[in-house]
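*Asks:* Residue numbering for the sequence shown is -33 to -1, 1 to 999, as defined by mature numbering (1 follows the signal peptide of the UniProt record, and there is no 0).
No wet-lab data here; the hints were simulated from the structure. It is possible that part of the hints are untrue.
Here are the simulated DSS-like cross-link-like pairs (lysine-lysine), alpha carbons at most 25 angstroms apart as the crow flies [claimed, not checked]:
{"#": "1", "residue 1": "K93", "residue 2": "K163"}
{"#": "2", "residue 1": "K505", "residue 2": "K492"}
{"#": "3", "residue 1": "K492", "residue 2": "K450"}
{"#": "4", "residue 1": "K450", "residue 2": "K667"}
Okay, the calculated beta carbon distance ranges per label pair [claimed, not checked]:
{"#": "5", "residue 1": "A638", "residue 2": "H865", "range": "33 to 39 angstroms"}
{"#": "6", "residue 1": "A755", "residue 2": "P789", "range": "29 to 35 angstroms"}
{"#": "7", "residue 1": "A606", "residue 2": "D974", "range": "17 to 23 angstroms"}
{"#": "8", "residue 1": "G890", "residue 2": "A755", "range": "30 to 36 angstroms"}
{"#": "9", "residue 1": "T621", "residue 2": "K492", "range": "26 to 32 angstroms"}
{"#": "10", "residue 1": "G212", "residue 2": "A519", "range": "56 to 62 angstroms"}
{"#": "11", "residue 1": "D413", "residue 2": "A606", "range": "37 to 43 angstroms"}
{"#": "12", "residue 1": "S666", "residue 2": "A761", "range": "25 to 31 angstroms"}
{"#": "13", "residue 1": "Q972", "residue 2": "F759", "range": "42 to 48 angstroms"}
{"#": "14", "residue 1": "F759", "residue 2": "F663", "range": "15 to 21 angstroms"}
{"#": "15", "residue 1": "F663", "residue 2": "S758", "range": "22 to 28 angstroms"}
{"#": "16", "residue 1": "A610", "residue 2": "D86", "range": "54 to 60 angstroms"}
Ideal Cβ positions, reconstructed from N, Cα and C, are used throughout, including at glycine.
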Amino acid sequence: MVTLVKRSLSFSALLSTLLLICLLSQHLQPASALAIPHPIAQSDTEIAARQNSGQGAVRWDGTSLFIAGTPITLWSGEIHPWRLPVPGLWRDVLQKLKSGGFNAISIYTHWGLTMPANDASSISQKGFNDIAHFLDTARDVGLFVIVRPGPYINAETTGGGMPGWVQNLNATLRTTDDAYRRAWTPYLDAVVDVTKPRQVKLGADGKLDTSAGSVIAVQVENEFQDKLNGAYKAHFDELIAYYKGKGLEVPLTFNSLEGRNDFQSDESLDIWGVDSYPQGFDCGSPSKWSPTKNYTESTHVRSSNPNFIPEFQGGSYDPFGGYGYQACAQLTGPDFIRVFDKDVLSQGLKMISQYMGYGGTNWGHLAFGGLGASLAENRIKLDKLYENAQLGRFLASFPAFSRATLRSRQATNGILVSELRDGDSGFYVVRHEDSTSTQTSSFKLDVQTIGGQFKIPQESEGISLLGRDSVIVPVSRVLSASKATLLYSTADVSVVSVIDGRDVVLAHGHAAQQHELLLQSNGDKLATTAQVDGVTVKDTDKGLLITWKAVAGTAASYVPLTAGDNDLLLILSSTEAAYLSAPMSTAPAGSLEYITGFGEHVLISGLYHVANATVDGSTLRIVGQVNATTTALEVVAPAAVTALTFNGAEVKTTRTDYGSLKGTLSGPSDAAKSWKAPALQGWKSADSLPEIASDFDASKDFIAANLTSTPNSWFEANATNGTVLFADAYGFHAGNVIWRGSVEGGQSRPTGLQLSVQGGKFFAASIWLNQTFLGSLEGSSSVDVANATFSFDALPAGKSILTVLQDSTGLEEASSDNTIVPNALPREVAKKPRGITNFRWTGAQNDAQPRVEWSIAGNFGGERYPDKTRGPLNEGGLYGERQGWHLPGFDDSKWEAHELSAGLTAPGVKFFRTSVDLDVPTGHDLPLSLVFSNDGGTDSQNSRPTSRFLLFVNGWQFGQRLTRWGPQTVFPIPPGILDPRGKNEIAVAAWAVDETGAKASLAFQVDDVFAGDVDYALVNPSIETVRGAPSA
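All chains should be built: construct the whole structure from the sequences, respecting the hints.
*Replies:* Put into C-alpha cells, the structure is as follows:
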C-alpha cells in the first residue's frame, strides 16, 4: 500500500487519511488497479511439447528462460555488425554494451549485403559480413546472442535487407513461391552454417559450454503478418521447418508487429513475442511523453513461453527531414529507461531486447535513419547507457527476480506500486500512476519482508519520487557471505556481490534525497565503528537501520560493517557515482556467471569505461578508457590483490581503512586534450557529369535499357512507350543512376515532355536536353514519385540527348498490404521501382512520340562490382564513382584547384578531393566526425538550396548531406575507415540539383578525448587494388 504525504495536512488529518486508506485497501479493489489476466489457455500436451523442445542448454516455461537449468532475465540490446564496417572495432562496442548492463545482444544479418546477385557464388562472409568473427567476439566478451537472419529484416535499411534483385523475381515475395525459395535458401544456408556450430550447449558436467559460441536463439522472419489468404503463414511455417531441418537446437523465436498477434498460436514456433515502441517516434517533441503500456494483457501472452518483447524501444527512427540524433536520444533518455524499462520489468517480463543498443552508421546506401541508441554512433557512452547498466546490474544482483511473478499492481493517491514475488524475495516497483507526470511526490510504502511488515521510510516523512522517475524497492535479499538479510532499501540497489568472502552492497539514489535501508543479522549482531559523514547507523530491534543522503558528484560513502567473523561493505552513492561503478565478474570467461553477472566480482569505480579486468596473482589488470573527469580510481578486490595496472601501466595506490585500493590515473595527455585536426584545404575538382554532352562516349560504362517486359507488375508499358526504365531491372540497386536517351527529332518537333521519376521519399532528379537544363524533381516526406511537364524549344530534327540524373534514398521496406493486379503478380510495396515510371513528349505534331533509345549507368560493375571490401551498397552511378575518384590512390594531379566552399553555381555535379595527414596521439581514442556547414542548411526549409553531397573517406561513402532536408550535418567516421595516424583522402560529390547551386564547408570535429586506445585495422583498399592501375 502507498500513502501519499501531503505536507499541508495536519497530523491528525493525515492520520485519519492513513487509517481510512488502510481500511479501504483491505476491502476494495482501487478503480485504477490493473487486473492480472491469466495466460491464454493451451492444452497440457502443447505446453509439454513446447517445454520439452528445449531439453538442451536453452529451456523455457511460461515465466522464464533457462540457460543450463538456471533462470535468467534476458536483458538484450540490438546491434547490427554491418552498420560498423570495421570488424576490429566490434570488440569495443560489444564491451561497451556489456558494461551497459546487457547480458545478450540481438543481431540482424543482411541478405542484400551478403548475396548481391541472384547467384550463390556471389555470397560474401568477409569483412562486415563476417558473422563468424562477430559471434566469436560476442562469446569472448561474454554476451548471449539472438540471431535474426530474416530473410526479410526491415531494420530501417534499403529493401528491408532484401537485395534489390528480388524486384526481378517472378514470385510474390515472402511466400512459398519456388523462385523466392530458391532466392533465399543460399543466403540462409550461409548464415545457418555459421550459426549452428556456435549454439550454446551443455558440457559433460551439465554446466554451460560456450567454447564454440553463445547463440541462444534464432528468429524466424520479422514482424510478419498472417495475410494473403494463408500464403504468408505457409512461408512462415516453411522457414521454421527449414531451420529445424538444418539442425538448430536453440529455440526459434518471432517478433510480432506491435498491436498484432500474428502466429501467436503457431504450434511449431518455440517463443513468440511482440515488439513495443511506447514513446513513438516524434523526435520533434522529445520532452513530450506517451503513457506506458500494459504488457499483461492476454493477447500478448501464451502459456508456453515467457512474455517476450523482441524489440523494446531503445531509441527512435529519425529519417531525412527529421530532427537529429540528439533529439531522438533525448526522447528515450535516462528518464525513459528509469520509467519505461522499469515498468516493463514491473509487469513480470523476463525477456526484453532494446532496439537499438548501438545504432551504428548508415554508411553507403544502407538508407538513412538516426536511432538515438544508448551507445552513440561515435561509440561514446550516453547517460542512458549508464542508466541501463544499473538495471542490468540489479538483475545480476537479484537472481530471484528471474522467477518473480506479478502479484499486485495498484495505484493509490497517484502512486502506482507493482509487487513481484518469488518465495520470500520481493520487489516493489514504484512510479507515478501518470507516467508522464513531472511533479515530485512524497509517499510511504507498506512492504512485507521476512522480518515483518514495515511502513517505509521509518526515519523521514516519505520516499521522494521525482517526476518521470521510478524506484525498485527490494525486500528480503539474503546476503551470501554474512547471511545477513537486506530487509529493504528505499534506494535502488545495483550491486549485491561477494568479494573475497565479504558481502558488498551498492545502493544509489538522486542527490540531496534521503534514503534508508534495513539490515537484519541472522547470527552475530551487525555493527560498525566507522563514522561516515552524511550516514546515520541506528541499532533497532529489527536490525541495523541506515539512513543517508546522496551527495552530488562521483564520490560515494563506504560503510564497513561486521557480523562476528563476517564483513559487509555498504557503498552509498548518488546515481551519478553509481554510473561509474563497474562490477567485473571473476568467474571463468564464457561461464554462465561471467555472462549473466551472477556470482563474485571485483568492483571498479570512477572510470568512464572498464572493458576488462583480470586478476593475475597479486595484480588486477584493468583495461578501459578515461576522460579528463574520470581519473579517480577505487577498487574493491580480494585482499590478495595489492597492485593495479591500467592499460598495462602501473597505478600508484593506497589502501583505505575499509580495504579498497585507491589511485589516480593521469587521464588524457595535454597533447591529446589540445589536439586539433588540420583544416581541410587544397581542394581540387573535376566535372562529374560529362554524360550530358552529345559527344560523350557512353559505350564504356552505359548499358542498353531496352527491356520491354519485367515480372515486376508496377511496370506499365504504355507509360514509358513500352520500355522498362526501372534501375533494378538492369542490376543497379543503390545510389545515383543516370538515364541517357538518344532521340531523333524528325519532323514531329515536340516542345515539352511529361516525366515521372520514382526514387523514394526525399529523392531528387535533374533533367537536361542537349546540355540545356530543363528542371528538377524532388520528393519529400510524403512524395516518393515526382512528376512535372518541362517545356523547351522544339526538339531539333536531328539527334538529341536527354539526360536524367536521379538518386535513390533506398528501396522500400516490405508491407503486407499488396495491390492485386489481374493476370499478374501483386503490386508489392517492396517492389516499388526506382527509375522513370512515366515519359511522354508533348506538343508534337499529331501527338507523335519520337522513339528514345535509352541507356543507363549505375554503380561500377553493377551486381558484379569489384570492390568486395566496401560491398554492393557503397557506390552509386555518378561518373566520378564509376571512375574511382573516391578511392584512395587516385591520381588527381591534373585536376584544377577549386575549393569546396566555392562549389557549383549552376546545375550539375562536381567531384572534390583533398587529403589530410592526422597524428592523433598514441594511446588515445579521439572519436572524430566530419561536419558540413555554410551550405545554406540553416535557412528556413523552403529557402534552403536543394544541393546534395556525398562524403567519401578513404573510399567509403560515409555521409549523405541533403541540404534542404537534413537533419544530419555531423558524420562520425570510425578509426579503420579514418586513419588517425596517417594519410586520409577525402572526396565529396557535390550535386547542384537546380539553379540554387551547391557549396559547403567541411571540417573535422573532435567529439571527445579518451586515454585508452581501441583495436582496429584499416579497411581501405586502394584504387589499384580494387580497379587495377589508376587512371587520371
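*Asks:* Hints the structure violates: just list their numbers, smallest first.
*Replies:* Hints 4, 7 and 8 are the ones this structure does not satisfy, whereas the remaining hints hold.
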